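J.: Chains as they are written, first to last, in my numbering: chain A, 444 to 658; chain B, 444 to 658.
Hints were generated in silico from the structure; no laboratory data involved. If you're wondering where the values come from, they're calculated on a predicted model, not measured in any experiment. Heads up, a few of these hints could be off.
Stated by the list, open to error - If you want a taste of the chain A side facing chain B, the calculated C-beta under 8 Å gives, among others:
id: 1; residue: SER480
id: 2; residue: ASN563
id: 3; residue: LEU564
id: 4; residue: PRO584
id: 5; residue: ILE628
id: 6; residue: GLY654
Claimed, not checked - Straight-line Cα separation of at most 20 Å, SDA-like style, residue types lysine to any residue; simulated pairs:
id: 7; chain 1: A; residue 1: LYS657; chain 2: A; residue 2: LEU576
id: 8; chain 1: B; residue 1: LYS615; chain 2: A; residue 2: LYS499
id: 9; chain 1: B; residue 1: LYS450; chain 2: B; residue 2: GLU533
id: 10; chain 1: A; residue 1: LYS615; chain 2: B; residue 2: ASP601
id: 11; chain 1: B; residue 1: LYS494; chain 2: B; residue 2: LYS615
id: 12; chain 1: A; residue 1: LYS615; chain 2: B; residue 2: ASP609
id: 13; chain 1: B; residue 1: LYS633; chain 2: B; residue 2: PRO612
id: 14; chain 1: B; residue 1: LYS450; chain 2: A; residue 2: ALA602
id: 15; chain 1: B; residue 1: LYS615; chain 2: A; residue 2: GLU643
id: 16; chain 1: B; residue 1: LYS615; chain 2: A; residue 2: LEU490
id: 17; chain 1: A; residue 1: LYS615; chain 2: B; residue 2: PRO612
id: 18; chain 1: A; residue 1: LYS450; chain 2: B; residue 2: GLY532
id: 19; chain 1: B; residue 1: LYS615; chain 2: A; residue 2: LEU513
id: 20; chain 1: A; residue 1: LYS615; chain 2: B; residue 2: ARG647
id: 21; chain 1: A; residue 1: LYS631; chain 2: A; residue 2: ALA602
id: 22; chain 1: B; residue 1: LYS615; chain 2: A; residue 2: LYS631
id: 23; chain 1: B; residue 1: LYS501; chain 2: B; residue 2: GLU533
id: 24; chain 1: A; residue 1: LYS615; chain 2: B; residue 2: VAL526
id: 25; chain 1: A; residue 1: LYS631; chain 2: A; residue 2: LEU653
id: 26; chain 1: A; residue 1: LYS615; chain 2: B; residue 2: THR641
id: 27; chain 1: B; residue 1: LYS494; chain 2: B; residue 2: ARG647
id: 28; chain 1: B; residue 1: LYS450; chain 2: A; residue 2: ASP451
id: 29; chain 1: A; residue 1: LYS499; chain 2: A; residue 2: GLU551
Backbone N, C-alpha and C define an ideal beta-carbon position, used for all residues, glycine too.
Number of protein chains: 2
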Amino acid sequence: MEIKVVKDIMGANEQIAQKNRQLFDRNQVFVVNVMASPGAGKTSLILETIKRLKGKVKVGVVEGDISSSLDAEAIGKEGVPVVQINTGGECHLDANMTSTALGSLPLEDIRLLLIENVGNLVCPAEFNLGEDLRVLVSSTPEGDDKPFKYPLMFHEADAVLVNKIDLLPYLKFDVDAFANTIRGINQKVKVFPLSCTTGEGVDRWVDWLLGQVKG
Amino acid sequence: MEIKVVKDIMGANEQIAQKNRQLFDRNQVFVVNVMASPGAGKTSLILETIKRLKGKVKVGVVEGDISSSLDAEAIGKEGVPVVQINTGGECHLDANMTSTALGSLPLEDIRLLLIENVGNLVCPAEFNLGEDLRVLVSSTPEGDDKPFKYPLMFHEADAVLVNKIDLLPYLKFDVDAFANTIRGINQKVKVFPLSCTTGEGVDRWVDWLLGQVKG
């Protein structure tokens, strides 16, 4: 019975994800699902991305958190439309929560929607939200062994942003070995080492993202 | 129906947790459930703890990971009994997985059992394994706002180990503010700032743990 329920949940999620997808297509919105461990730097990455896209593309944001609206407040200060989803204990966003949030966003005025998922390297990878791209922010202090332990997330990502490279002098973390491990799991993945603190490498990620949106 | 299934799962988990508890009591084993985000330093903390407890108390370890046995191999080198649980996608340990692992451990020879949970700041807090203590490893690079976003985990912890304090000079992280935030959620919690890299603060945690085991 438990397995059937799980199937029902995933089937229902996929149906709603397809409806989200149709809504995005009708409004010509390109959607990025940003996933990561807690504290890897999802919000900082979104903030740095928004700043660099000003005047180039209209951005909207959905902020997913179990509780609090700290991140939405930080992003609202950048002057972009933002909606906070509080999952109330749930460890991931699903298509239905996303769908509910979309009603509060001016989709017709948005070209790029960044969805910040709940901080979790496991469950978010299982739930399609209707997005175009899945981006994983993986930070250097987490260690370069993470792809071995959380393979699904690394397998599902279209791009892995290796954040906090400013801390590399103080850590045992081999960026090349990390990138090779990821490519062993996922041959199509793009890997962008960067630092949201110093700004190093962020332009390269944003240029690539812009190419994806306009492509 | 979905809610009923969740209740059934939690009820079944609690029953098995009680059986684990009885088994631990019969064998006089003190059990610690170690939880954290991916990469916060659970395995390093367990390794440093084992080293300091040599000759003082007999330790055993259960390693929970979605996949891989990297951590169990590292811990096995310290010469303590260790069992790896691969959850096969599940984002947390539950009482039943723990029960299965216990059959492979010489419980009668162990006085302290350290259980490393799956790296996840959400779901593990919901599943009682039959433990005496819940310990949360929270690392400085994750940021000092985490208690606001993952309140259940901080509420459930008996001790929070603030790991990677060696990185404080390179981060915006206020240890005192962090400790105060945690105490606002959880008045009984013990907070131990430490670094598994430099060893700073680890003795204080291990002394306290030893007091819990022998108390």
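J.: Taking the hints in turn, state whether each one holds.
T.: Structure-based check of all given hints:
1. SER480: 5 Å, holds
2. ASN563: 6 Å, holds
3. LEU564: Cβ of A/LEU564 sits 5 Å from chain B, so the hint holds.
4. PRO584: Hint on A/PRO584: holds, closest Cβ of chain B at ~4 Å, below 8 Å.
5. ILE628: It is violated, given that the least Cβ distance between A/ILE628 and chain B is near 11 Å, above 8 Å.
6. GLY654: Nearest chain B Cβ about 30 Å off; hint violated.
7. A/LYS657 <-> A/LEU576: Answer holds: A/LYS657 to A/LEU576 is near 13 Å, not above 20 Å.
8. B/LYS615 <-> A/LYS499: Since the Cα atoms of B/LYS615 and A/LYS499 sit roughly 31 Å apart, the hinted pair is violated (cutoff 20 Å).
9. B/LYS450 <-> B/GLU533: Given pair B/LYS450, B/GLU533 holds - Cα atoms ~18 Å apart, limit 20 Å.
10. A/LYS615 <-> B/ASP601: 30 Å, violated
11. B/LYS494 <-> B/LYS615: 31 Å, violated
12. A/LYS615 <-> B/ASP609: 13 Å, holds
13. B/LYS633 <-> B/PRO612: The given pair, whose Cα atoms are some 24 Å apart, is violated under the 20 Å limit.
14. B/LYS450 <-> A/ALA602: This hinted pair is violated, its Cα atoms lying about 37 Å apart.
15. B/LYS615 <-> A/GLU643: Within the cut-off at roughly 18 Å; holds.
16. B/LYS615 <-> A/LEU490: 17 Å, holds
17. A/LYS615 <-> B/PRO612: 17 Å, holds
18. A/LYS450 <-> B/GLY532: Holds, at roughly 15 Å.
19. B/LYS615 <-> A/LEU513: 16 Å, holds
20. A/LYS615 <-> B/ARG647: Cα-Cα ~25 Å, so violated.
21. A/LYS631 <-> A/ALA602: The given pair, whose Cα atoms are some 9 Å apart, holds under the 20 Å limit.
22. B/LYS615 <-> A/LYS631: 35 Å, violated
23. B/LYS501 <-> B/GLU533: Between B/LYS501 and B/GLU533 the Cα gap is close to 30 Å, so the pair fails against 20 Å, i.e. violated.
24. A/LYS615 <-> B/VAL526: It is violated: about 26 Å lies between the C-alpha atoms, which goes past 20 Å.
25. A/LYS631 <-> A/LEU653: Given pair A/LYS631, A/LEU653 holds - Cα atoms ~18 Å apart, limit 20 Å.
26. A/LYS615 <-> B/THR641: 13 Å, holds
27. B/LYS494 <-> B/ARG647: The given pair, whose Cα atoms are some 14 Å apart, holds under the 20 Å limit.
28. B/LYS450 <-> A/ASP451: 17 Å, holds
29. A/LYS499 <-> A/GLU551: OK: A/LYS499 and A/GLU551 at ~16 Å, within 20 Å.
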